[in-house]
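Counting along the sequence shown from 1, when you hit position 63 you're at 581 in this note's numbering, and nothing is skipped either side.
None of these hints come from the bench; they were simulated from the model.
Hints are not guaranteed to be accurate.
Calculated pairs, DSS-like style, for lysine-lysine (alpha carbon to alpha carbon, straight line, at most 25 Å) [to be verified]:
#1 Lys653 x Lys575
#2 Lys575 x Lys644
#3 Lys577 x Lys644
#4 Lys577 x Lys599
#5 Lys577 x Lys653
#6 Lys653 x Lys599
#7 Lys575 x Lys599
#8 Lys644 x Lys599
Okay, the calculated beta carbon distance ranges per label pair [to be verified]:
#9 Ala702 x Ala679: 23 to 33 Å
#10 Asp685 x Asp556: 35 to 45 Å
#11 Glu613 x Leu553: 24 to 34 Å
#12 Pro675 x Pro552: 44 to 54 Å
#13 Thr672 x Ser736: 17 to 27 Å
#14 Thr648 x Leu734: 40 to 50 Å
#15 Asn754 x Asp612: 31 to 41 Å
#16 Asn640 x Ala752: 12 to 22 Å
#17 Val565 x Asn750: 11 to 21 Å
Every residue gets a Cβ at the ideal spot worked out from N, C-alpha and C, and that includes glycine.
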Amino acid sequence: MAQKYLLAAILTVPLALMLPRSTPGQNKGSDELPLYLDPRQPIDQRVNDLMRRMTLKEKVGQLNLPCVYVDQLGKTIPEKKAACRRFAAGTYTDEIGPGAGFFTLADTILHEGTREQVEYFNELQKIALTQTRLKIPLLEDEEGTHGGMFSGATIFPEGLAIGSSFDMPLVESIYSAAAEESRAVGIHVLSTLVLELDRDPRLGRNEEAYTEDPYLGSRIAEAIVRGAQGTNLATNDKVIALMTDFPTQSEPVSGLERGA
Numbered sequence: 519m520a521q522k523y524l525l526a527a528i529l530t531v532p533l534a535l536m537l538p539r540s541t542p543g544q545n546k547g548s549d550e551l552p553l554y555l556d557p558r559q560p561i562d563q564r565v566n567d568l569m570r571r572m573t574l575k576e577k578v579g580q581l582n583l584p585c586v587y588v589d590q591l592g593k594t595i596p597e598k599k600a601a602c603r604r605f606a607a608g609t610y611t612d613e614i615g616p617g618a619g620f621f622t623l624a625d626t627i628l629h630e631g632t633r634e635q636v637e638y639f640n641e642l643q644k645i646a647l648t649q650t651r652l653k654i655p656l657l658e659d660e661e662g663t664h665g666g667m668f669s670g671a672t673i674f675p676e677g678l679a680i681g682s683s684f685d686m687p688l689v690e691s692i693y694s695a696a697a698e699e700s701r702a703v704g705i706h707v708l709s710t711l712v713l714e715l716d717r718d719p720r721l722g723r724n725e726e727a728y729t730e731d732p733y734l735g736s737r738i739a740e741a742i743v744r745g746a747q748g749t750n751l752a753t754n755d756k757v758i759a760l761m762t763d764f765p766t767q768s769e770p771v772s773g774l775e776r777g778a
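Work out the full structure: start from the sequences and follow the hints.
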């Protein structure tokens, strides 16, 4: 699991620079914006400029997207909230710089509703944009197997039911709705869009995938990406569609879950 979230951070850090943001007062005493903070510049040039400026600790920090539902950031909700603030600021540990963001934060510690989620995510983003040297925005990543997994989100049928519909416009509309709800509370990535094929009935997570058929699975994958991610991540109703658990989940050791 750790490798999955490390890879998520590696793939999505450049995309974070595409997300709309407001950074008032970030260049006091300077009339010129750093190239990487200028949204008018090409993405590849902005990424190269940012990488050139980063220290080793800052680069390592951006490879970290901790899973909040485990206990590495604390055991209680107040402990986790405080640790997330320090992680965003780069003061959680002296070993690395500010982190890339968080996985399952809303589902784990923000249960009171969408207002609480928005306010806390905005607080974390403000920390990243005002208390860190490079002002890199955070990525908020949540489970999205059949809708966003956070308080107030719409719950759709599980993957097998979605796949059984054979209705690609319906699939696209489901993940379009999930993306819009997620962005509304400050989430940028939906994970666990499970493209693994169901190849062994003994696997304990077959319900997360959509089908045993490779062709149908590929068509569903296309519909998910169109619905969740679309063609322009700068819009306020789309997210990064992180397709996970492919192609090794269902045949690790005799098809048994966690066998790997």
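Going through the hints against the structure:
no.	hint	verdict
1	Lys653 x Lys575	15 Å, holds
2	Lys575 x Lys644	21 Å, holds
3	Lys577 x Lys644	20 Å, holds
4	Lys577 x Lys599	23 Å, holds
5	Lys577 x Lys653	13 Å, holds
6	Lys653 x Lys599	20 Å, holds
7	Lys575 x Lys599	23 Å, holds
8	Lys644 x Lys599	15 Å, holds
9	Ala702 x Ala679: 23 to 33 Å	25 Å, holds
10	Asp685 x Asp556: 35 to 45 Å	43 Å, holds
11	Glu613 x Leu553: 24 to 34 Å	29 Å, holds
12	Pro675 x Pro552: 44 to 54 Å	46 Å, holds
13	Thr672 x Ser736: 17 to 27 Å	25 Å, holds
14	Thr648 x Leu734: 40 to 50 Å	47 Å, holds
15	Asn754 x Asp612: 31 to 41 Å	37 Å, holds
16	Asn640 x Ala752: 12 to 22 Å	19 Å, holds
17	Val565 x Asn750: 11 to 21 Å	18 Å, holds
Checked against the numbered hints given earlier, the structure satisfies every one of them.
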